[in-house]
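Asker: When you get a sec, could you build the whole thing from the sequences and use the hints?
What follows is each chain in one-letter form.
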Amino acid sequence: MAAFGSFAILLGLVLCAYNLVVGAIALRQIAVHPQASLAPERLAESARRAGIGSFIALSAAAFALVYCAFTNDFSVAYILHHSNRALPWPYKFAALWSGQEGSLLLWAWLLAAYGFVLRVRHRVDVKLTAYASTILAAVQVFFTLLIVFPAPPFALVQGAIPTDGFGLNPLLQYPEMVIHPPMLYLGYVGFSVPFAFALGALMMRYPGEKWIHITRRWTMVTWLFLTCGIFLGMHWAYAVLGWGGYWGWDPVENASLMPWLTGTAFLHSVMMQEKRGMMKSWNVWLIFTTFMLSILGTLLTRSGLVSSVHAFAESSIGTWFWAFLVIVLAVCLFTYILQRDNLQSEHKIESLVSRESSFLFNNLVLLAACFTILWGTLFPIISEYVEGSKVTVGPPFYNRVAVPIGIFLLLLTGIGPVLAWRSTSFKSVRRNFLWPVIAGVATALILMAAGMRPWQDIGTLYSLMTFSLGALVTTAIVTEFWRGSRVIQRHTGKNMLSSLVQLTRRNTRRYGGYMVHLGVAIVFIGLAGSAFNQSAEQEMGFHDSMTIGPYRLVCQSYTQDSNANYDSEYELLNVYKNGKFLLQMAPERRFYHASQQTETMVADHSTLERDLYVVYEGANPDTNQPIIKVFINPLVAWIWIGVLVMALGTLLALVPNMSAEQAAQSRKPMEESVALPAGVGD
Amino acid sequence: MTIVACAALLIGILIYIFYPQRKTEEQTQKTRLEYLRERKETIYENLRDLNFEYRAGKYPEEDYLAQRAAMENEAAQVLSEIEFLEDNVPAA
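As they're listed, the protein sequences go chains A and B. Counting with this note's numbering, you get residues 1 to 682 for the letters of the first sequence. Counting with this note's numbering, you get residues 1 to 92 for the letters of the second sequence.
Derived by calculation from the structure, the hints in this document are not laboratory data. Do not rely on the hints blindly, as some may be mistaken.
Using 16 Å as the maximum straight-line C-alpha spacing, the simulated EDC-like pairs for lysine to aspartate or glutamate come out as follows [unchecked claim]:
hint	chain 1	residue 1	chain 2	residue 2
1	A	LYS210	B	GLU41
2	A	LYS275	B	GLU41
3	A	LYS275	A	GLU350
4	B	LYS23	A	GLU41
5	A	LYS210	B	GLU45
6	B	LYS40	A	GLU274
This one's a predicted model, so the numbers in the text were calculated from it and none came from an experiment.
Answerer: Below is the structure:
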């Protein structure tokens, strides 16, 4: 199977190269001789089919690697180092992306899969898709070259073949780890598609904004995957690493956040281009930057350039990524300089108080956050180059800068949707902001009356601002839904709920977007809870107890267990809340046989109000009694709820709008006769 | 077995790529006229949004009228160019 896998990868490389070279020749011929015979069109078609073929070849290679993992083929070095016989089957599947070679194969396969969909749907715009397909083939060639030369997943073990493998990293033996990396990769890889369309549109001097319309769903799907990937990673860090937090500003976490920030900026600013033909150069560079940041993130993860809990061992692969990044930047710059006259804005920002300016502020703030994080992430490399020693910046640096930026972004999340395009008068501002501002101020006053003291420390101040702005944003969004539903209700005579559904179906992108904003506000409220975290650590033998917040924990027993995959130590704790028995918790520590590594299994009791998070830290060597660390983390559950709302909102935005005919049918016949002219208001 | 699998994969893909096609999709360059028609649709959509938001009570009447006039001007410009091109450019 290893030989078949290697052959399939080589075949994939040849097919991508064919797509790139023949596709480029065909495009050139068509551009130079547009009235020529059908020959270049046939060449282009064979290039497109080669691209589709590359997906089949790389699917065969991915299947071969999974097959090797499931059949315990330890003659393949990758399987030997990332799997073992006792490994449960879902983790054998996850072994595909647990190491450098396998994850690069996954990357190449996902890229081919995106390319497959793009090439199959080429009729949306044959010429533009041909350009995008050729550019995507170039990216595919790079990633397939990586798995042919520096990181071959089917390399064979030299000498005697061991009877069992070294096992999967225990940190990765967690259910979310089976889906977190593919989600993240789907996000990273997916940005290649809008990048390819943007570069293709620029190369062919594509008139108009239809390329944005074509790539809109691609971008949203990609953004959704990246969002889910990032938050699954946060949840994994929270549940597995046992330090009580979910975001540690680790370079690899930062690497995933940076393209997310620029991708979010792109999703907003393309609306200005679609609606008003503005910000064309800006948008092109936003998607170029997003793609390059995805590659940079991968470079940081894999080169060992920066220290991270995620980083793979240092290898020569970094050189390949640097070379690719330089080539991408050069191609983007060259094409932009050559074709920039095709990117003239059709309008200018007419007022500082308008939807356009709120998008612009949103973009600037997102980019400021991105470059702050980039600076902090690359600072160790820069400091080593300048001073000769690595200086790492930690969470205090990021929190000092990112928290105020985040709060400002939250404010814009509420302001943007209620401003008008072109310009908004003071009367309109007063009309639209009255209730949101009242809600925000009232929330702040209620929280201060309840005991929050924002003047005592900056953390409490930020939390209060976040809660208050969260209320403002929520009210602004609820008001938007309410106002729109009322118009529908007046016209159709339906009840409010049906009107709300119809409103949403009429413009799924807008109302899905509002739902995403609501999700963002909920996530921020969850994050603000961290200002009130508490923790305590104690040695806890039989019947020892610990009190933290409203909880009292009493040790019932502590013991050891063993199975084929790992040995474990755990403690049974009875938890009482305000004197009443609540539940039993069992924090655990495992020792995995194959990898000879230990792993914490956190016990977490999560409610909407707070999480009770208990960690088994190990046994005191002097007394042999377990050490237990307990955290109380307020409002954490809201982060996960907020992400769910964001995901639902994005899915809603992906649903096609209700057609004008459907909307008309749902009106009452009587209303229809007095309605505005056809289409107006729909 | 491995050789058979490799050969099957290779031959299958080669047939798929080079199997002669009766009809090939033509790559056409988008014209100014097509672009203007897209632009017209966008302006109409913007106008529908504006009307809806006005009816939802989001904007005062003077804002609405000013914005509507600006959009109608934009639409008029686009429509006159479409008319000109339709009258003067021979059908493809």
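Asker: Next step is simple, just say for each hint if it's right about the structure.
Answerer: Verification of the supplied hints:
1. Taking the CA atoms of LYS210 of chain A and GLU41 of chain B, the gap is near 12 Å; set against the 16 Å cutoff, the hint holds.
2. For a cut-off of 16 Å, the pair hint linking LYS275 of chain A to GLU41 of chain B stands: about 10 Å separates their Cα positions.
3. Taking the CA atoms of LYS275 of chain A and GLU350 of chain A, the gap is near 14 Å; set against the 16 Å cutoff, the hint holds.
4. Proposed proximity of LYS23 of chain B and GLU41 of chain A is supported: the alpha carbons are some 10 Å apart, at most 16 Å.
5. Taken as a hint, the LYS210 of chain A and GLU45 of chain B pair is honoured in the structure, with Cα atoms around 15 Å apart against an allowance of 16 Å.
6. As the CA atoms of LYS40 of chain B and GLU274 of chain A are separated by approximately 12 Å, the hinted pair is consistent with the 16 Å bound.
No hint from the list above goes unmet by this structure.
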